[in-house]
Amino acid sequence: MKTELAPRTKVLVYGLMCVLLIPFVFPTWWMVTSSVKPISQIFAFPPDIIPRSFDFTTYGRVFELQPFAQQYWNSAYIAALVTIGTMLFSSMAGYAFARIRFPGANLLFMVVLLGLLIPSEVTIVPLFQMFLSWGMINTHWPLVLVPIFGAPSVFATFVMRQFFIALPVELEEAARVDGLGRFKIFWTIALPLARPALAAVAIFTFLHSWNLYLEPIVFLSSPDRFTLPQALTQFTDAYGGALWNVQLAAASMTALPVLIVFIIAQKQFVEGLAHTGLKG
Amino acid sequence: MASVTLTDVRKSYGATAVIHGVDVDIADGEFVVLVGPSGCGKSTLLRMVAGLETITDGEIAIGDRVVNDLEPKDRDIAMVFQNYALYPHMTVATNMGFSLEHRGTSKAQIAERVKWAADILGLEALLDRYPRQLSGGQRQRVAMGRAIVRNPQVFLFDEPLSNLDAKLRVVMRGEIKGLHQRLRTTTIYVTHDQVEAMTMADKIVVLNAGRVEQVGAPLDLYDRPANQFVAGFIGSPAMNFIGGRITPGGFVAAGVTLPLPAGLPAGERSAVYGARPEAFALAPDGLPATVTLVEPMGPETQVTLMLGEHQIIAVFRERVKARPGDTLHIRPDLEAIHLFDAETGARLN
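Residue numbers (the working numbering), protein chains in the order written: chain A, 1 to 280; chain B, 1001 to 1349.
Any given hint might turn out to be false.
Straight-line distance between alpha carbons at most 27 Å, and here's what the computed DSS-like set of lysine-lysine pairs gives [to be verified]: (1) B:K1167 x A:K184; (2) B:K1177 x B:K1167; (3) B:K1115 x A:K184.
Please keep in mind that the hints were generated in silico from the structure rather than gathered at the bench. Every value quoted in this text rests on a predicted model; they were computed, and no experiment measured them.
Sequences and hints are given; from them, build the entire structure.
If you want it as structure tokens, here you go:
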């Protein structure tokens, strides 16, 4: 039964929540406000929580110093491809591990899960050599292929498998009696019902690809092929010093789509992870 | 419509055999109920007919076709599942027309068949709703609708009423029976509820531990059970069993001697005396029995008694005004007495 909190307790709880919020909100607030401050004000002490003046020309300079629109597009389409690819492969792999009985299925799933335990730093050199031999260095292929078949996809496969295991098997048996084959059952029954899990997979895959840093700096060398996290390090003056306000303007613009996606889909994200028995 | 023939059907999971050679003939248009306790293999047998389980040995034929190796979709059957298995992301109409859609039926024909089924089951107003918006009974009807739109040769029901409350179960029982009388489609119905079996079936197959104990019409099974298992399983309250010996002077049990029907083989032997609760009548010259519980049901009175050292249940048509501790005099109807072998449980009379 839900009990109403006493007003004093309520104030205390909300006050405590506000205090706890500060470490999470302050960096974003600092990033956005500093992007419109002159550099001298950014590190002033005590800091200005609200800027004394607003200088939006930093946002224009982002596009002058780097091919930022191109880099934005690079990040966007790579993240989109990775998200679609991961959703497709992880849902099929998750379904297979959940529903198709084949010898060694559990062992194979364990082997797949082991992929999560290997840090990307360990595999980056052999991956570089592999893509070099395939002539794919300074292209976007590694940034698409590595996440689709790498650790993020393994986690996505795990999430999808847990979801499909929980799906009543009678639904599929009814579909078999109704005349559907394995793939059609997956495509028309299991997959549409897996929407919450797919949404969760989509969000964390998109975020992972959008924020990818190590792989772009290893595989890409031309600024017009850079992705956003890599591009952010390039806003420097002639002496290599950081142009903090321009860089933070670029960072603000980089964070914007992530914020929008999460606000729109946060309910499905939480539901999706709840369905799999995992907590977000 | 078609007959269904099961010939020496067996099923094993690895070394564990769960169905030990089942032979059943189901006539065209017949309503057959597979009944038995949990784990007896009745659902497995139904799923083997549906093609959802493989057959380890034996033969299943629907009509003239042996269907052992056919996929469920090629067997021309429709199945109603215990939890209905309606597709949650589809409306009632789409659920009902889904199988036809995948068999290449035209949209006009699908609409016509769905309307026909909805008319029969009273689902016209619910066609645009989703399963989550329906009550248990409505979902059950949609599941039946999905089965009948295809006009299959055989309907398979896997404990379809077990998720409903007692009152709705009685209503739906009538609806399923009514549907069968209207369509006359061969039906195999699985339940663990012997009341469902008795009230719905043309023929009951009693299963126990993967074997057929008896096949027959409901009242045949009730009146002449082939063995002690069937006798105990069919009928509610269950048949009273009293262990003892058949002697020339009657059936001698602990603390009581019961009268025996005529025509029994001569000689003494150990046996089990079976009497249904309604086989006892109140009679001043009957056997004395001590009342332990009286349960007035309205049309009848159920009384628990100690007969000698045996507890029995008797059901009387009249209202019995006895109280616990009172003595009643009861007489068994010798026409309705069943005697079973003490070791094998086989019927003796």
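Okay, the hints, checked on the actual structure:
Proximity of B:K1167 to A:K184 is assessed by CA-CA distance (about 39 Å); at most 27 Å being required, the pair is judged violated. Proximity of B:K1177 to B:K1167 is assessed by CA-CA distance (about 16 Å); at most 27 Å being required, the pair is judged to hold. A hinted pair counts as satisfied when its Cα atoms are at most 27 Å apart, and B:K1115 with A:K184 qualifies at roughly 26 Å.
In this structure, the one hint that does not hold is number 1.
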